[in-house]
Structure formats: C-alpha cells, structure tokens
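Number of protein chains: 2
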Amino acid sequence: MAKKLKKAPRPKAVLPRGLRDSFGQEVIIRNQMLSRIADVYHRYGFDPLETPALEYVEALGKFLPDVDRPMGGVFGFQDDDESWVALRYDMTAPLARVAAQYRNELPSPYRRYAMGPVWRNEKPGPGRYRQFWQCDADTVGTSTVAADAEICAMLADALQAAGIAPGDFAIRINNRKVLNGVLETTGLLSGDGDDDEATASRRGIALRAIDKLDRLGEGGVRALLGEGRLDESGDFTKGALLGAEQIDIIMGFVSAEREDGAKTCARLRELIGTSEQGAEGVNELEEIAMLLEAQNYRAPVAKIDPSVVRGLAYYTGPVYEAELTFEIVDEKGEKRQFGSVAGGGRYDDLVMRFTGQRTPATGVSIGVDRLLAALESRNVGASETVDGPVVILALERDQMAHYQSLCADLRKAGVRAEVYMGGGTNMGKQLKYADKRASPLAVIIGGDERERGVVQIKDLKLGAELAAEIESNEEWKAQPAQQEIQQDQVVHSILDRLARTQS
Amino acid sequence: MAKKLKKAPRPKAVLPRGLRDSFGQEVIIRNQMLSRIADVYHRYGFDPLETPALEYVEALGKFLPDVDRPMGGVFGFQDDDESWVALRYDMTAPLARVAAQYRNELPSPYRRYAMGPVWRNEKPGPGRYRQFWQCDADTVGTSTVAADAEICAMLADALQAAGIAPGDFAIRINNRKVLNGVLETTGLLSGDGDDDEATASRRGIALRAIDKLDRLGEGGVRALLGEGRLDESGDFTKGALLGAEQIDIIMGFVSAEREDGAKTCARLRELIGTSEQGAEGVNELEEIAMLLEAQNYRAPVAKIDPSVVRGLAYYTGPVYEAELTFEIVDEKGEKRQFGSVAGGGRYDDLVMRFTGQRTPATGVSIGVDRLLAALESRNVGASETVDGPVVILALERDQMAHYQSLCADLRKAGVRAEVYMGGGTNMGKQLKYADKRASPLAVIIGGDERERGVVQIKDLKLGAELAAEIESNEEWKAQPAQQEIQQDQVVHSILDRLARTQS
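So the protein lines, in turn, are chains C and E. If you use my numbering, the first sequence corresponds to residues 1 to 503, in order. If you use my numbering, the second sequence corresponds to residues 1001 to 1503, in order.
If you're looking for bench data, these hints aren't it; they were derived computationally from the structure. Only a predicted model underlies this, so the values are computations on that prediction, with no experimental measurement involved. Please note that the accuracy of each hint is not assured.
Said to hold, decoys possible - DSS-like cross-link-like pairs, simulated, lysine-lysine; straight-line CA separation at most 30 Å:
#1 K1012(E) to K62(C)
#2 K1412(E) to K303(C)
#3 K1461(E) to K12(C)
#4 K412(C) to K1303(E)
#5 K1461(E) to K1432(E)
#6 K123(C) to K1062(E)
#7 K62(C) to K1123(E)
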C-alpha cells in the first residue's frame, strides 16, 4: 500500500477557501454559549428541531438577499435521480418545509429552535466564511403579535444568558407594514400591491438604502434615495429617483424614534398619512410594546425603532434586531458600535410556497460567530478558560502500566489527566509538551522517586508565574513550585492543589 | 408577491431520499448522550476539534469500504475555481488533513475528539441514512500501543457514561499484524508486502469473508475462503480459492479466543508460524492486555478476540470494536445479539498521504444512531422524558398581557411555560393543544376566575391517569385533578405541583 501511495501526487493539506477549523477552547466556549441559549429557548416552550444539511433546491427557494444567479448563493449538486440538492443557507427555509410537511402532526402553534451550521456559496473575505453557525427560534401557525413580542423577550433573555449585560444591548423593533405605509405615501408602493417592475425595482433600491443608514449616514442614504451615489472607490450606485419631498418623508421615518414608544408611534401616525396598512402596522407596534412592558421589557432593553428595516424580502410584519450598543475598535482603528448580532421578523408567506395556504410565522436568528466575537471583546468567557490536563511524565519506558494505573485513579476522581505518550524519556521535552497543553500540574516519577515510593508534583502555572518574577538562578533552583509527596497521597494531593489553583 | 408565487408550480415539502428530520425529545436525548461522552473524552485529556463539512475531494481520499466509483460514496461538486469539493464521509479523513496542516502548531501527541454529522452517497435503506452522526476520538503522533489501550479504556468509560451497563458490552481487541502473520502462513500475503494483483484481490476476499463471520457463520466463511458461496437469493460470490489446510489456519485464527488473554496469545503464536509481523502483533496484544489490566479493565469488559477484523483497508496494527452483548428481537422477529456500536484501530499511514512522513495514529468512532437505538432497546433515557411546558390558556383575547406577565413570572422561577397563541378562545381546543405538547399542567383563567382573583390549575398528567381508571361520568366530573388557587399563589403552587409530579 505504501508503494502505491508514493506514485500518486500528494494532496495538499488545506481547506477549500472560505472554510476554517475550530479547535479546543473555541468549540467548548461556543457549545457552552449555545447550551445556555438553548436553556432559555426550552424554558419558553420551544422544542429543538434538527433538519439535515441537504434539501431539494426548490424547497429552499431563492430568498438570499442580493443574489440573482441560478443556484444563487448555495452549494448544490445533482443527485443520482437527477434532482438538484443543495446545502441549506439558513434555518428558516428548512423550517418552512417542515411546517408544511408535518402540518397534520405538529402542534399548532409550533415553537421550535434550531442550532447548526449553514452554508453560503459567496465570495469569502476577512471574517466572512462560507460555513457559519446560526441559532434560530421561530413560532409557526399564529398571527398574533404576542408571538413576535415573545420572540423579542426571549431574545433579550438569550443574550443575557449568553453573557451580554442588560445595558449592552437593545432589541429594536419595527414593522414592515409601517414602512409600506410610508412607501405608499411616496408612491413607491401601491395600496393593492400591484406595481410595475420599474416601481418595484426603485422600491428595492430604497429599502437597501435605508438598511445602510448605519454605514452610509444620512447623506449617503439621501443620495441613494435620489439620483444615486458615488462611493469611495469611484463606483456609482443608481438611486431610487425620489424627489426631495419624498426623500424627506422617508428620512423622517427612519429618524422617527422619540423618547418613548407612545411618542414614536404618534410620530409614525403622522408619516403614514392615510395608508391602511401603515395604520395597522402602528397598531401592532403599540401592542408589542404593551405586551413587552407587561413582562418588564422596556427601553433601553427593548424599544420601537423605525430605522430597523432588515434585508430580507419575505418579511411581512414586525421586524426586530438585537444590537450591541457598546463600542469596539474596528480593523481601521476607529471606534464604532458593535452593531447587530441577531435579527428576525414575521414571514407569513413562506410556508404557503408549499401548501398554498397562508401560515403565519415569526422568528429570530442569532449570528453565533458575531455573538461570540462580541463576548470575546467584552472578555466574557475568559474566566471559562479550559484547563489542560494533569500530565504524568513517562520517564521510564517499562513503567507505562504504572503511569496508566495512576492516571486511571486520577480520572476516576474526576481529574482531567493523561500520561505523556510521545517518544523518548527526555524530561525537558515532556515538560514542554505539558506547557503546550496548558497543563496545571505535571507528575514526575523517575527511577529514584519510584524506589523511594514518592512522586514529584510540579505546579506549572505557579512555575511560570515565578519564572517571570525570579531573576537569580539560585532562587529558581529552590523550585517552590515543586513538591515531593508520598505515592499513596498523590490523588488527594492533586485534587487539593487543583482546588486551590482554580479558586 | 402572493400573485407571483401562484404562477410557479409549488415545490413539494419533502426531503431528498435517505435523509430525515429529528424532533424535540430525540434531539435532546442525543445531545445529552453526546455531552456525557464528551465529558469522558475531556477527562482523558482529549480536545474538541470541529472541521467544516466540506473538504477537497483529494484531501478526503478514497477510503470508504467497497466503493470503486469515481467520487465513490461521497456527495461532491465543483467549486467556482474548478476544484472538486465534497461533504466529509467520516471524521478520520479530516483529522488526517488537520494533523498534516497544523503539524507545527499542534501538541504531539495530539488527542482530539469530534462529534457531528457525516454524509454518504449510498443507496438508502431501512435504518440506513445518507446523513448520520459520528463521535470520534483519536490520538495522533504516537506509536506506543499504550495509546491504543487508552482508547479502549476510554471507549468502555464512554459507553458506561452513555448508559450501557458494564455487563452489556465488550471491547474486543485484535491486531492486523497478527492477521497479516496468519495470511503470510497461508500465502495470501508476502513478508515484504510486494504482492501481485491476483493475490491482493484474493486477500481482500478473505478479509471481507472473515469480517462476515457473525452473519454467515463458519460454513459461509469457509465457502468464501474456498471456491465461493451461493447466497439465498441465488447470487454466487467468488471465493479466495484457498485449500483446506489454509482455510483451517484462518478459521483457527478467528476462533483462537481462549479463557483468558494469555492463553489466547499462546494459541495465536502457534498460528502465525515464523511470521515476524505476526509475532510483533501478538506482543502488542499482550502489552495492551497488560496495560488495560493495570487500569482494571479486563474480561468480559475488555478482551483479546481474534475474530475482530474491521472492514477498513487503512488499519495497520491494533483494531478494536465495542460490541453490545445483550439480545434484541430483530425485524424478522428473531433474537440476536445487538452487535457492534463502535470500532477503530491504528492507521499509521493516513497522515503520510499529505506529508510523506509516517505519522502514527489510532482512534475510535462511535456510531451515534446505533448507540441511541441500543439505549432505547434497554429503556435507558426513557426516564429523561422531557416534560412539555405548563400551558396558560388564553380564554379572553384582551387579557394577553396578563397571561404573558404570569408566564414571565413562571419562566423567571425556572418553570418551562408558554401562553396558548393559537386563534380563538375555545377551551377544549386549547386543552387539546396542551395534551399534544405533553404539558404537565394547564393554567385556566376565565372571566369568572379573573374577577374573583383566582386561577384553576389542571393537572393534565394526573387527569389522563384518572381518566384511564375512572368509569362513571360522575367520578370524572369530580375533577380531582383540578384545583383552584389564589392568583398570588400561582407560581408557588405550580412549582410545588411540578416537584411532586416529577419526583
């Protein structure tokens, strides 16, 4: 076999671009965070659902924002039976399929959560991967905005469970119907939803412009609502061709937030004019605010914010976003707000794609990597640094059974422990390995120790701290971080030391 | 938008064949089991590793058993840059890639575990899916069989942590080198590994035959080692064309197990004749048995069993398998042993594919679905039935804020709870929903209760039990499972009731 392998050129040990590996600590911290969020979802009565990574392409539908290619944005291939299959690009499309497929068996309303990777066939970039994790919760089968309010409350609880302090985030809530009302007054949307293509295209431009308010500022958005905008790189983006008065109405909308929800809603009523849809939207916002208030969620934790739009086309009512309000220093060295880590809204038409019947639904998706990055920037989880194992050095080849037996005793006592299994009996090399493993303690049993029935316990953490402080060689040799103990005391002594170093 | 959707034919709400969805309880029980196994792996000093689902096809290599097609057995597609990418079919191939890619950064030896789905492009069948979970642990970078012994000990601990009783499983250990020694004495393998194709093909037939001993019995294996075998469906499988004496040697090998490891090893020494490789293999088996003994793993929990072969071609030394020894009734109504739930071994050549340098490695893969099925058949996990939420009925539309506020109080007290959010105010429909949710308690606040400042708590579990016992309508109407309490006592009273029903 070895000979055959030599003939073929060696494959490169690399990942396809836009993908990455996650090691040790990183995986543990993410799983802990997801487990805390799952506890919140569970307490709210949501059940887990795990769909497979693969779906029929037509079941997924084309709902990725800004993607016009065939198979746009997804990884797909043709199955043996000629059907096209693709990796899911989010958790919402598979949920819509499940809600349709099992509609006679599932409880209604159906509350479910889902955590797992999704895949996007997009150009990778810094911090932009082609596989990433999402953590969703949705309620399918109810049109009451109490369900939307509940998702917002749950999102606030989930962020706190993950480790974000109450003052560090805001759940911002808006309603597409209000926005539609405003668009009606500007002529970008007709009341009966029957627009020509040109108007629909201009409306798309306007929506994307509003969504970029954070990045482009008021001037940039105004330009995109009007003739268009020349960006820094010299590229020109065509605008929505609105007049000054219409632009004022839209800008009035995105800056309609007032001191409290009631005043914001009053301002919105002025802006929507006579639009019925707009009025319905404002009523819904008022009800959501009232329901959240009843559960003690109020500003700054949760608030009505008309500048929230959300990119996806399929939202039909309330939309919401979790924004982290603390400042970070970005790649360019500039201070800015951390920004959005989760978003969602009501999508009453997605399940209808399969069944022909309207099935109201609402839900949120947390960007797991964004939230982890936020926690890291706030130093949350740093206290959860996973300790490496206690390493028992293997200094005499023929004593492996003895080391293993001691190691088994430690593990039975609940201690994370391992015997060094690399080659050779060099103590320095083995201690280096223990350092690389972030090992708190090394257990040293040489021939001399074995004969005397003792073991040396070396405190590697303390050793490293002392090494940083001690300057003279004499002090170093005193080795205060190393202790000799009787062999029958070793488990007890290690438990004791670990309890002290970890407290 | 609704109009456009009507034009396109509706997609079917189905999954591609061979795939399935997992709901609620199923997901929770699996995650609990995996979390317990991860605790064991962690205690043994193994770190988690998460590689992405996609790898370059050439990085995966062709190591699936019995697959000769191009892209054989995997789901793959061509990326934008023309390279071929595929979904991983196991966790070992990505580990080999990681061990090569990060060989300068990772500690050596590198102990890692990995849990997640893998994908096989195979014909689906009953209980045979194209996406399923694996749970692996491997040690890369050490040639000592102490690493193999450690994996076997850890596997025993992991199975116990998952809920398999010590008397219900056996870790069976063999060594490919012993088998190779036996094959040398039969002429199916030359001492220098330089065989012609015909011999290699006959050797493959013999290996697959031995691996089928459980299913075919001694007669069937003997036939396959000789001229060939006609199966029940009338298909003829060509044999390895060995003579009677050679067949006796091989059958002697697979039935070489004796009362204890020492006697088994003595018998193996007779069978391998003068083969150096065979002698090395027996020595390794003796050392593994000694190391396991030192950690108190001995028969029946762990034992040398020469009938273990393992299907994969890449194993180079010790191989091991976890077998569940209790009986189940199979699909045909016949009693049989549950069989294998995990297997692994030493594969010293896999990393070399990338680096050209031999990197010894050994590890095990647990078949997660097989193990879950085993636990189910032993009724383990049944006690972990996840309770549905307390359901607060929504009997008056304008009282939603009140229900939500009560619900928030319950959740803050740690109770899993939800407000009914389906349409309408029909109590019967809402109680039916609560039943479907496996709800332990329903909270009923009608207009009358609200005015009197009380709530009704209905014990749905007790109600169901009573309904099964009670025959006359009068008794039923007495409703002992329903209790009226003061509104300010509701959280306390529900906590109290849940503690009683769950104990």
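Right, here's what the structure says about each hint:
With a CA separation close to 15 Å, the supplied pair K1012(E) and K62(C) stays within the 30 Å bound. With a C-alpha separation of about 21 Å, the suggested pair K1412(E) and K303(C) falls inside the 30 Å cut-off, and the hint holds. For the proposed pair K1461(E) and K12(C), the alpha carbon gap of about 59 Å is over 30 Å, so the pair is violated. In summary, the hint linking K412(C) to K1303(E) is supported, as the alpha carbons are separated by about 21 Å, within the 30 Å threshold.
This hinted pair checks out: K1461(E) and K1432(E) have alpha carbons roughly 13 Å apart, not beyond 30 Å. Taking the CA atoms of K123(C) and K1062(E), the gap is about 29 Å. The hint holds against a cut of 30 Å. As the CA atoms of K62(C) and K1123(E) are separated by approximately 29 Å, the hinted pair is consistent with the 30 Å bound.
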